[in-house]
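Engineer: Letter by letter, the chains look like this.
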Amino acid sequence: MSTTDTTGTGTTGAGTTSADTTSGTPRHTEVRHAKPPRSGVLLSAAAWVIGFLFALPVLWMVLTSFHNENDAAKNPPDVFAPLSLDGYRSFFDAGPWPPLLNSLTASVLSTALVLLLAFPAAYALSIRPVKKWTDVLFFFLSTKMLPIVAGILPLYLFAQTVGLLDNIWWLILLYTSMNLPIAIWMLRSFLAEVPVEMLEAASVDGASLTRTLKDIVAPVVMPGIASAALICFIFSWNELLLARVLTSTVAGTAPVFLTGFVTSQGLFLAKVCAASFVVSLPVLAAGFAAQDKLVQGLSMGAVK
Amino acid sequence: MSSSTATKPRAEQVRGPEPSAALRRMGDWARRAPLLPALIFVIVMTQLPFVATLVISFMNWNAYYPEERGFAGFDNFARVFTDTNTRQAVFVTILLTVSVVLVSLVLGLGIALLLDRKFRGQGIVRTMMITPFLIVPVAAALLWKHALYNPEYGLFNGLLKAVFGENAPQPDWITNNPLIAVIAALVWQWTPFMMLILLAGLQSRPLDVVEAARIDGASSLQIFRSMTLPHLRQYIELSGLLGAIYVVQNFDHVFTITSGGLGTANLPYFIYQTFYTAQDYGRASAAGVVVVIGTILIATAALRTAFSLFKEDA
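So the sequences go chain by chain: A and B.
Position 142 of the first sequence, counting from 1, maps to 142 under the UniProt record's numbering, and the rest follow consecutively.
Position 13 of the second sequence, counting from 1, maps to 13 under the UniProt record's numbering, and the rest follow consecutively.
No lab work stands behind these hints, which were simulated from the structure alone.
What you are looking at is a predicted structure, and each value in this text was computed from that prediction instead of being measured.
Ideal Cβ positions, reconstructed from N, Cα and C, are used throughout, including at glycine.
Sample of chain A residues facing chain B (criterion: CB under 7 angstroms; computed from the structure): (1) Leu43; (2) Ala47; (3) Ile50; (4) Val149; (5) Leu258; (6) Cys273; (7) Val279.
With the C-beta cut set under 8 angstroms, the calculated list includes, among others, these residues of chain B facing chain A: (8) Phe50; (9) Gly158; (10) Leu199; (11) Tyr272; (12) Ser285; (13) Thr295; (14) Ile296.
Okay, chain A solo, but in the shape it has when bound:
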């Protein structure tokens, strides 16, 4: 087993390689080999066990969702019970498509809107610092600290007055304001990496603002834009409180559907697990596919 480290370097998955490329500095893998092999094996085993424990609830949810209700409710659990699609059938019979589509619409459109507003703002805050830029940045971040509940009543009353209750557009605007500060924060640090000489050269050559943004800035910050988009999508898709208060039958989102689903029909474990899995699937897929972006986005380059 002393060769674990050497073989490990050659056979590690795509996730590892991408993690390495995300960090700015090149990694010196030789240092890792200097570790004594035995403690290395123990630490690797520990990592495997902990990783498995964290994934276990989700694996259990997926397995349960493919059992029929009787087997799902067995105690002690019957892992090898025959597989069944009953849970999924009863979930899709309950009409989840409108809420799923609402969630998709709200998440995608608000993410687009966030990027549209955040990019110029982040640009102003990083490339050509406005005076007191830290104060402006702090203001944006402070709106994130304003708990949503502190404004939810006026948002509700306003929507009621102008007829925006149960309207997906109202939710889209609110999700945009919810994610905008974080997106600005992330994009600002990515934009700060654009070499200032290139901007000066463009300015001297008389390139327009749009031209500069499109041809010089955008290519450098594409990874930042992608990770900001991913995180905005996840937070919009996950949101429950605003959606629950401001929507009902027409514009209800998937999380709202999930809560109603359980309370109105009593408990059917396989069905609940199937529903939870389906609603989480878009986020799971996006998150797994763009793991390195997620890591990059969450560290937000804020400390770069």
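Starting from the known structure of chain A, fit chain B onto it as the hints suggest.
Structural biologist: Just chain B now, with coordinates in the frame of chain A:
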């Protein structure tokens, strides 16, 4: 050069004080204009509602008694501060936030250190670790409540029976320890978030310096305490701050797992209930104002004093 990578001077620090002549010619308006749409949007969507909340907090306004609407002075605030339910909600909010953030930070740091090594299947383990963060919070709360905690057919009691046989203890997890049940589910969901940020921090560490220290005979513990930890400080602060922002506002888990019962109602749930169920707009708004003042005080203190992120404020 190696010292400059280690301390990481921020680009805007270099650029900030002396914008080039070409850029200065752009003028103030051209520099500010791109900022305005976002600024106006955020002010309209977040500050205006809060001002309205502030106004309503001084009103006597219960939707069930519309004819009694009027000015109430500080009555709502007096009720907020004397009401035992509100005080309980404040206490629960602080307890939930502090314990979830601290526990998931420590766990996240440990796991990040484990994952910051080359080993077979590293990619798979990292993927498994990320999974909890990628489960929709309501779904995660439902999963914990029904598939794990349920005393009849939850996984926890199922495992107890599988290991200790028919006479195994079968505790009712949520009823016995409602707050811990909520905290455990939240820690499970937030540890990956902390781990991801800290792992990014670890991987941006200049390894040649660590290598040099190792050659000089520094022990792993010494390297961790005097090199890794200081380097990670900003990342720890960042993940703690972001984690706190989201956990303070947690609604999904409290709503789903206990419906605020058994002494687990935090402020977001309490305000939701006061406004949505009891329809007491004045009192809900007063509670909202109290939450905001508390959050701003703590956040400002944290950002202004402890945070290196904003230290170079000009």
